[in-house]
Every structure is written in structure tokens, then in C-alpha cells.
Amino acid sequence: MSEKKRTTIVLFSGDYDKAMAAYIIANGAAAYDHEVTIFHTFWGLNALRKDEQISVKKSFLEKMFGKMMPRGADKMGLSKMHFAGIGPKMIKDVMKKHNAIPLPQLIEMAQEQGVKLVACTMTMDLLGLQKEELLDHIEYAGVAAYLADAEEGNVNLFI
Amino acid sequence: MSEKKRTTIVLFSGDYDKAMAAYIIANGAAAYDHEVTIFHTFWGLNALRKDEQISVKKSFLEKMFGKMMPRGADKMGLSKMHFAGIGPKMIKDVMKKHNAIPLPQLIEMAQEQGVKLVACTMTMDLLGLQKEELLDHIEYAGVAAYLADAEEGNVNLFI
Amino acid sequence: MSEKKRTTIVLFSGDYDKAMAAYIIANGAAAYDHEVTIFHTFWGLNALRKDEQISVKKSFLEKMFGKMMPRGADKMGLSKMHFAGIGPKMIKDVMKKHNAIPLPQLIEMAQEQGVKLVACTMTMDLLGLQKEELLDHIEYAGVAAYLADAEEGNVNLFI
Numbered sequence: 001m002s003e004k005k006r007t008t009i010v011l012f013s014g015d016y017d018k019a020m021a022a023y024i025i026a027n028g029a030a031a032y033d034h035e036v037t038i039f040h041t042f043w044g045l046n047a048l049r050k051d052e053q054i055s056v057k058k059s060f061l062e063k064m065f066g067k068m069m070p071r072g073a074d075k076m077g078l079s080k081m082h083f084a085g086i087g088p089k090m091i092k093d094v095m096k097k098h099n100a101i102p103l104p105q106l107i108e109m110a111q112e113q114g115v116k117l118v119a120c121t122m123t124m125d126l127l128g129l130q131k132e133e134l135l136d137h138i139e140y141a142g143v144a145a146y147l148a149d150a151e152e153g154n155v156n157l158f159i
Numbered sequence: 001m002s003e004k005k006r007t008t009i010v011l012f013s014g015d016y017d018k019a020m021a022a023y024i025i026a027n028g029a030a031a032y033d034h035e036v037t038i039f040h041t042f043w044g045l046n047a048l049r050k051d052e053q054i055s056v057k058k059s060f061l062e063k064m065f066g067k068m069m070p071r072g073a074d075k076m077g078l079s080k081m082h083f084a085g086i087g088p089k090m091i092k093d094v095m096k097k098h099n100a101i102p103l104p105q106l107i108e109m110a111q112e113q114g115v116k117l118v119a120c121t122m123t124m125d126l127l128g129l130q131k132e133e134l135l136d137h138i139e140y141a142g143v144a145a146y147l148a149d150a151e152e153g154n155v156n157l158f159i
Numbered sequence: 001m002s003e004k005k006r007t008t009i010v011l012f013s014g015d016y017d018k019a020m021a022a023y024i025i026a027n028g029a030a031a032y033d034h035e036v037t038i039f040h041t042f043w044g045l046n047a048l049r050k051d052e053q054i055s056v057k058k059s060f061l062e063k064m065f066g067k068m069m070p071r072g073a074d075k076m077g078l079s080k081m082h083f084a085g086i087g088p089k090m091i092k093d094v095m096k097k098h099n100a101i102p103l104p105q106l107i108e109m110a111q112e113q114g115v116k117l118v119a120c121t122m123t124m125d126l127l128g129l130q131k132e133e134l135l136d137h138i139e140y141a142g143v144a145a146y147l148a149d150a151e152e153g154n155v156n157l158f159i
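Protein chains in written order, with UniProt numbering: chain A, 1 to 159; chain B, 1 to 159; chain C, 1 to 159.
Keep in mind the hints are simulated off the structure, nothing from the lab.
Worth double-checking, as some hints may not be accurate.
[Unchecked claim] List time: in silico EDC-like cross-link candidates among lysine to aspartate or glutamate, alpha-carbon distance up to 20 Å: (1) C:96 / B:93; (2) B:4 / A:125; (3) A:5 / C:151; (4) B:5 / A:149; (5) A:96 / C:62; (6) A:57 / B:93; (7) B:96 / A:125; (8) A:75 / A:108; (9) B:63 / C:93; (10) A:4 / C:149; (11) A:67 / B:93; (12) B:5 / A:125; (13) C:5 / B:151; (14) C:97 / B:125; (15) A:5 / B:151; (16) A:5 / C:3; (17) A:97 / C:125; (18) A:5 / C:152; (19) C:96 / C:74; (20) A:116 / C:151; (21) A:92 / C:62; (22) B:57 / C:93; (23) C:5 / A:151; (24) A:92 / C:125; (25) C:80 / B:74; (26) B:5 / C:152; (27) B:5 / A:152; (28) A:4 / C:152; (29) C:116 / C:3; (30) C:80 / B:62; (31) A:58 / B:93; (32) A:80 / A:93; (33) B:5 / C:151.
All values reported here derive from a predicted model rather than from experimental measurement.
If we strip away everything but chain A, and leave its shape as in the complex, we get (with noise of 0.2 Å):
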């Protein structure tokens, strides 16, 4: 009888840190048994990125946002007090100091809960990012998806 909840975020962002927050979300409401969805647009399509590079054909300014863009959640920077790459490297230092769990593990652990998550089409196109650069087993699809599942959710966040 009851229906069930729904959480969708929009991860647009590119940092480590609010991609952390959006994943802990994410994670939280699955264990309270919501649908979710993460939407991955612009710089969030970046934490979908696998490590390694993936040899694809590229025009050279695809190759370009290619190279300048981090390859994989592990790679982000943060949003504040970047300091050259000191920030993200304090930031994981405490995180193991606390047993926090790391980006690219939380969203590991979303697969497992079974969160949907989503690359968004069109912005994939504009960065020239292709389907072999990102995770597996995870969805494709444009705004009208998003609107969609959002349209019926509890909790919409803009990350």
C-alpha cells in the first residue's frame, strides 16, 4: 500500500568533497529503503570516470577536456581549500584517521544498494566523454529521465 520514497540528486559538481556529500545522501537513503537516483551532469560525470585511460577517438578538444578533467572519483579536487592539492590529500588523511569511508568506495557501495545511477547524455556528448570511459552498469539518459524520477521524489537536491 504504502509507497515507496524517492531520493534524486543532480551531481553536477566536480569536487570530491560534495560529490562525498552527495554519495553519504544517496547511501543513507537507500539503507532507509528509497529509490535513488543520481543524475550525473557536467563535472559530475567525472566520479563515473574509470582510472585508467581508455583508449577512444577523440577530436583533439574532446581530447583536450579529456586530459584537463580528473580521470575517476579518486582524482577530484575539493571545493574549498584546495591549497595545490593539499586540501584533498589532509582531507583523505583524516578520512582514514576516522575510518570515513573513501569516494570511489561509497559509490561502490551505491551500486551494491542498488542506487541508479545515471550519466547524463547530452553533457556527456558536449565534454566528449564516451560510454567505455565511465563505470560499468550504470544508466544513460537525458533531462526527460531526470524529470521524470524527479517529479515523484521526496527528497530533489542540486549538488
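Position chains B and C relative to chain A; hints supplied.
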């Protein structure tokens, strides 16, 4: 009988890419027959500035803000990879290549689709922006009007 | 019979302007009789720091974070146009001129209106912030408590 769905976006950010995301979601929602409001506050007001210089009376501080802020959607920078202006140029190049719609046209489309564009009067005051400097056919309101829309909303985002 | 409306804001950002937006919306919603929660996580915790230095035992990394982060709402920077500290000064000047309410007073107002201010315990741990360093009369909770509030919410924002 069935109520109209409603999408309400606070556009706080003055970044080209974030404003694009806001307007793509807004246009999508309008196409799916939502009532859509974008409430422009703080730096998000810059998306509504006319691109020519408008002569209005301003205090010294207001003139400084006016000069420091981008005049209109087309002049806004990126949230990431700004690279002294190369980033926005690159994005616009790939957008042209992929026939993606540039921000100024996304805003026009939104107006044609009946998306309600609102300028936050309190932050207009703060930043010294006057009605003459902003696009025609927009509305002016404060946080109370925003909340009245948002509390009926299905999709409420802060961008 | 009629249920109370509910507004739930995640304040992730440590920027003065974004925190202002969060507290203006929160105070507005409280005035319109919403139950309002602001859940402060990551850099948003800085808005809750007391402005004097509190002597607590910390590790080296925690001390560094403590020094690098702004001590209280009044010391926070801007998300845009920081300009080596001139931006925040300018904003505060125009705010004074327009009789706008500064952030520390917006926080006080929120407390007086019964807005529930919550500090995220997980990120307090990460950043090495202790209860003694934060404002009095706030609550401490984790993502589960946030979700319990948010899933009943009409307006849910991530700022």
C-alpha cells in the same frame, strides 16, 4: 482534476555552466507541462542583465559591482576550468560543434515556453541592479513569493 | 487537520553569500510557519563556529583545519568576487547602506524563530570541530536524522 506539476529553481550562481543546467532543466520541465519558476538571486541576476550598457544613476559601490559583474548570460564564466577565459571559449566551441543551444537562446526559449523568470528584489538592491538593466518581461519579487511557489513544488532546486 | 509545511536545507557551503541565502530562505519559511531545519555539513559548519578561540585538545591535522577555516559566520568569504577580501568588505558595506541584516544576526533571528540548527556529527569529526567550538543551543545529528526531516519536506535545498 489532476494538478499541474511545478518546478521551482533558485538560480544563485553566476556561472555559465550552472545557469545552463538550470535553464535546461527548466525548459525540460516546461516541455513536460510543469509550471516553472526560476528565481534569480545574487550572482544569478547576471543571467538576466541586458548586454548593452544602460545609463542609470548609481552610487560608487554600485558602479563597481556593476563593472565587476558580467553583463548578461553570454559573458558569464565557468564554475570549473575557467583558465583565464579559455574554458568558456572551449565550452562554447564544443557546444557549437554539437549544436547545443547557448545560454542566451536557452533563456529566450524559456520565456517563449512561459517559464516565469523572477528577479530577487532584495539582492537587486544589494548589488545596485535596476530594472532598466534587466531583460524585459520578467517579474520582480522577494523570498515570500519564492516560498509560495516552492511549497507547492514537486521539484525544488537551488543552483 | 492541516499539516505543517516543512523546509529542510543542507548548508554545505562555507561562503558568506550562500549562507546568507540559506538563512534568508530559512527565516522567510519560519515566518510563513514552516518547520525549518538547517543541517550544517562540511564547510557550512563554519557558520556555527564561535568567533573566539576555544581551547580544546586537537591533533595536528585538526589544528591545521581549525586555523585554515573561518572562525564564525562573520569571517566567511564570498563564493564569487572574493578579491583578496575586498569582495566581502564591499558586500558588508552595501548591506549596511541598505539596512540588510548581516549573517550573524540572520543566524540569531533563525534561532529566535525556532529554526532547528543542526551540526553534522560526521563532518565535525572529519574537520576536528568540537561542540565547545560551536554556538550554543544547536543540535547534533547525522544523515539519518536529516533524511527523516527531508522526506517529509516541501522545500528541500542543498546550498
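So, going through the hints one by one against the coordinates:
| no. | hint | verdict |
| --- | --- | --- |
| 1 | C:96 / B:93 | 43 Å, violated |
| 2 | B:4 / A:125 | 32 Å, violated |
| 3 | A:5 / C:151 | 7 Å, holds |
| 4 | B:5 / A:149 | 13 Å, holds |
| 5 | A:96 / C:62 | 13 Å, holds |
| 6 | A:57 / B:93 | 19 Å, holds |
| 7 | B:96 / A:125 | 12 Å, holds |
| 8 | A:75 / A:108 | 16 Å, holds |
| 9 | B:63 / C:93 | 14 Å, holds |
| 10 | A:4 / C:149 | 16 Å, holds |
| 11 | A:67 / B:93 | 17 Å, holds |
| 12 | B:5 / A:125 | 29 Å, violated |
| 13 | C:5 / B:151 | 7 Å, holds |
| 14 | C:97 / B:125 | 10 Å, holds |
| 15 | A:5 / B:151 | 18 Å, holds |
| 16 | A:5 / C:3 | 19 Å, holds |
| 17 | A:97 / C:125 | 10 Å, holds |
| 18 | A:5 / C:152 | 10 Å, holds |
| 19 | C:96 / C:74 | 14 Å, holds |
| 20 | A:116 / C:151 | 18 Å, holds |
| 21 | A:92 / C:62 | 13 Å, holds |
| 22 | B:57 / C:93 | 18 Å, holds |
| 23 | C:5 / A:151 | 18 Å, holds |
| 24 | A:92 / C:125 | 13 Å, holds |
| 25 | C:80 / B:74 | 17 Å, holds |
| 26 | B:5 / C:152 | 18 Å, holds |
| 27 | B:5 / A:152 | 10 Å, holds |
| 28 | A:4 / C:152 | 13 Å, holds |
| 29 | C:116 / C:3 | 18 Å, holds |
| 30 | C:80 / B:62 | 16 Å, holds |
| 31 | A:58 / B:93 | 15 Å, holds |
| 32 | A:80 / A:93 | 16 Å, holds |
| 33 | B:5 / C:151 | 18 Å, holds |
Hint compliance for this structure: hints 1, 2 and 12 are broken, all remaining hints hold.
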